[in-house]
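A.B. asks: Based on the hints, put chain B in the right spot on chain A.
For the protein sequence lines, the chains are A and B, in the order given. Add 37 to the 1-based position in the first sequence for the working numbering, that's all there is to it. Add 37 to the 1-based position in the second sequence for the working numbering, that's all there is to it.
None of these hints come from the bench; they were simulated from the model. What you are looking at is a predicted structure, and each value in this text was computed from that prediction instead of being measured. Where a beta carbon is used, it is the ideal one built from N, C-alpha and C, also for glycine. Don't take each hint at face value.
[As the list claims (entries may be wrong)] Quick partial rundown of chain B residues pointing at chain A, CB under 7 angstroms, derived from the structure:
#: 1; residue: Ser107
#: 2; residue: Ser139
#: 3; residue: Ser141
#: 4; residue: Phe180
#: 5; residue: Ser257
#: 6; residue: Tyr491
2 protein chains.
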Amino acid sequence: MKKLTIKDLYKDYKSFENKQVSLEGWIRTVRDSKTFGFIELNDGSYFKNIQIVISDKLDNFKDLVKLTISSSIKVTGTLVITENSKQPFEIQATNIEVFNLSDSDYPLQKKRHTFEYLRTVAHLRPRTNTFNAIFRIRSVAAFAIHEYFQNNGYVYVHTPIITCADCEGSAEMFKLTTMDLEKPLPKNEDGTTDFSNDLFGKEAYITGSGQLHGETFAASFGKIYTFGPTLRSENSNTKTHANEFWMIEPEISFCDLEQLMDIEEDCLKYIVEKVLERCPEEINFCDQFIEKGLKEKLNKLLNSSFVRIDHKDVIDILKKADRKWEFEPDYGEDLAKEHEKYITEYFNGPVFVKNWPKDIKSYYMKLNSDGKTVAAVDLEVPGAGEIMGGSQREEDYDTLVKLMEAKGIKTEPLWWYLDLRRYGSNVHSGFGLGFERLLMYLTGMENIRDVIPYPRTPKNCEF
Amino acid sequence: MKKLTIKDLYKDYKSFENKQVSLEGWIRTVRDSKTFGFIELNDGSYFKNIQIVISDKLDNFKDLVKLTISSSIKVTGTLVITENSKQPFEIQATNIEVFNLSDSDYPLQKKRHTFEYLRTVAHLRPRTNTFNAIFRIRSVAAFAIHEYFQNNGYVYVHTPIITCADCEGSAEMFKLTTMDLEKPLPKNEDGTTDFSNDLFGKEAYITGSGQLHGETFAASFGKIYTFGPTLRSENSNTKTHANEFWMIEPEISFCDLEQLMDIEEDCLKYIVEKVLERCPEEINFCDQFIEKGLKEKLNKLLNSSFVRIDHKDVIDILKKADRKWEFEPDYGEDLAKEHEKYITEYFNGPVFVKNWPKDIKSYYMKLNSDGKTVAAVDLEVPGAGEIMGGSQREEDYDTLVKLMEAKGIKTEPLWWYLDLRRYGSNVHSGFGLGFERLLMYLTGMENIRDVIPYPRTPKNCEF
Chain A
38 MKKLTIKDLY KDYKSFENKQ VSLEGWIRTV RDSKTFGFIE LNDGSYFKNI
88 QIVISDKLDN FKDLVKLTIS SSIKVTGTLV ITENSKQPFE IQATNIEVFN
138 LSDSDYPLQK KRHTFEYLRT VAHLRPRTNT FNAIFRIRSV AAFAIHEYFQ
188 NNGYVYVHTP IITCADCEGS AEMFKLTTMD LEKPLPKNED GTTDFSNDLF
238 GKEAYITGSG QLHGETFAAS FGKIYTFGPT LRSENSNTKT HANEFWMIEP
288 EISFCDLEQL MDIEEDCLKY IVEKVLERCP EEINFCDQFI EKGLKEKLNK
338 LLNSSFVRID HKDVIDILKK ADRKWEFEPD YGEDLAKEHE KYITEYFNGP
388 VFVKNWPKDI KSYYMKLNSD GKTVAAVDLE VPGAGEIMGG SQREEDYDTL
438 VKLMEAKGIK TEPLWWYLDL RRYGSNVHSG FGLGFERLLM YLTGMENIRD
488 VIPYPRTPKN CEF
Chain B
38 MKKLTIKDLY KDYKSFENKQ VSLEGWIRTV RDSKTFGFIE LNDGSYFKNI
88 QIVISDKLDN FKDLVKLTIS SSIKVTGTLV ITENSKQPFE IQATNIEVFN
138 LSDSDYPLQK KRHTFEYLRT VAHLRPRTNT FNAIFRIRSV AAFAIHEYFQ
188 NNGYVYVHTP IITCADCEGS AEMFKLTTMD LEKPLPKNED GTTDFSNDLF
238 GKEAYITGSG QLHGETFAAS FGKIYTFGPT LRSENSNTKT HANEFWMIEP
288 EISFCDLEQL MDIEEDCLKY IVEKVLERCP EEINFCDQFI EKGLKEKLNK
338 LLNSSFVRID HKDVIDILKK ADRKWEFEPD YGEDLAKEHE KYITEYFNGP
388 VFVKNWPKDI KSYYMKLNSD GKTVAAVDLE VPGAGEIMGG SQREEDYDTL
438 VKLMEAKGIK TEPLWWYLDL RRYGSNVHSG FGLGFERLLM YLTGMENIRD
488 VIPYPRTPKN CEF
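So here's chain A without its partners, still in its complex pose (with noise of 0.2 angstroms):
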């Protein structure tokens, strides 16, 4: 028989009523007076807890009193309806076993706990309100993105993450190695480190991007997404920065940027109502505690027809205003921080700024008829900035060796991509989403160590 949880109670409290239930969980709270008391019970089904009524006719009532937090029962018990109470029903128990009695030095008491303090104890923050609504929400929107991509029928391709082919510059990669880094590495002639008896044969890295390998998958299936854990080397210890973290990268062949637009905004909304829809109580935890209105920021985007301008008519507006920019707007360069809060803000939902300067783009972005832009687009919206970053591919073989010597990229070891455009060539597009930058959308959590459940940061690598 299927075990019940709170979460079925929850459900369909009404069927249970006046009967017998089991339940298995922690301990949240315990509270007493003579002759009974009332333990908060969560078994990690659903976000809020079950009120427990104990009363002295249990043969251990005693011990059950002095229950701590985050001890592990097994309460078997009526479901009484309680209509007038704070809570619809509760159980009133018939028999407590306890599976563990929690140790008294548990680091998490019943008082505010800073984020910071929380990141210390990462193995046990998932018991907080706060991160087991952030954590959840993850869950929820991992999964309405695969929803997303598999009913739109795109297939998910897991592309490799190890690589030996260093096309984006190893600047940003890890390096991996199988040798002994405690003796000294051995030589070639010349020299340079001899990788032959490394596993690979060579050297080997952490790639920072799936897109080239999932556009050989596009060429294939039409519609392509991958999502996977994505490693960067970068030495950047910011709000918004992890080592670590998980990206979203869908490819489409037969698709300009408009129609990538349409794509990104049908996407992001589909994520945003799903999780208002399966999680309503920690969208409600989370509006009241961790970011004010964020409900309505929510329900604005999926109401909202998101605006489309070119980066240089953004520049045009930014110059425009009446205002001290810290960077000033400047038609071939990227936008501050500053500046993409106040291009939301002026067009009060979200924008997609595309046709950007190609100098300051990847090689691979499909060269506009201008020959001076290129035709990528950055998604920004109100509050969290850049959420999606996306560009039409060049398509034409020579345009796009002319673009990648133009940056110094290598062409031979990227032969299979270029091969692309040799086999069948077309119109295709891509973008990348951050899931973690998506998360502090969502949650409102102002830090990217706060919505992964093991930040790796530099200098930091706990647990």
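C.D. replies: Positioned in the frame of chain A, the structure of chain B alone reads:
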């Protein structure tokens, strides 16, 4: 307006009868006589091609008949039902636009290529029927796994892949570094390598399992699963080993070994059922060309009840068997491939082998009351051997510490894992499902390199 795909047409071609439709895709074959011809078109949305009829009434007919394999085109034409033909309908083209004429050296000509050869063109092989089937099944199976766990109340956890806790022994772990490997590595006074300026300030690895981190989240959410890439640095060149693969690791609180087996069986049947349901064309193809009898095998699994038997009883059966073993069965040893094969044939179906000698299993597995065996379970399936490996976890603090010490595992770096036994410990269990091994079982593919988009194996890290 949503673009039409070949899948849309196959799903509901009758409603498009005699209507004008447009499709974009790649040419699989062209056949022609003087005044008309046929193009087999595929757009990646569906396993089957669509037949396009071209005639010399088209302005560019003479160019069309010369179109090379994999050229990309846009077809506009009328859908005509062809009831007595091989295909239920065809498109009579009124216009064909050629996007890109594929170079004539396209490596996949219309003949059979060996799987070995196709690995050298891994960027193109999903365009073949075989790999189109394999990688679509991969995507569908991955989503079915997410669906199964999400529908059953599990929380998806992204456990970290970077670790500094050398808890599994670094033998099978890749080292990760940002240090310059061309220069001599900095040294401490005692002669050991100084990692203080490496990104994390100490030695870092890629972890080979998310289980321990997964357990911490199960102790909060009750039921969790991981699904992500796993790197292991084994220098092993076999048909079943890759250095990068994907793994699913569910972890369930308040769950003993018997309940775990219920979940494993239920989960595997769900995946098989969904793949059969959602990939009928692909499974038929694999049944015909990869493994004869595949469909029957999968259907049989759905209708079987998995046997549960102790390791020692398996050894009894093996010892009594009237055959000569390469490896003699032994009560204290693991099962060899030949034993796995025999036992699934003996029971004519999947077999859970449980309660293994503690010396050959991991430290975290629950010590049984006999003091000699642990509550571990391997699922053996006909034709693929071990496909899932799981165990009840040791939940008693003191016993776990003793087991760790006996196996030479340092307890200090795992303080957080041990904490779970101090704060609300409970009977809990989990298993690991190797995604590629599952795919080999689902498709009949015999080499792991042929179920991974870009396989990474010793001395092999192309693309």
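A.B. asks: Sort out which numbered hints this structure fails and list those numbers smallest first.
C.D. replies: 3
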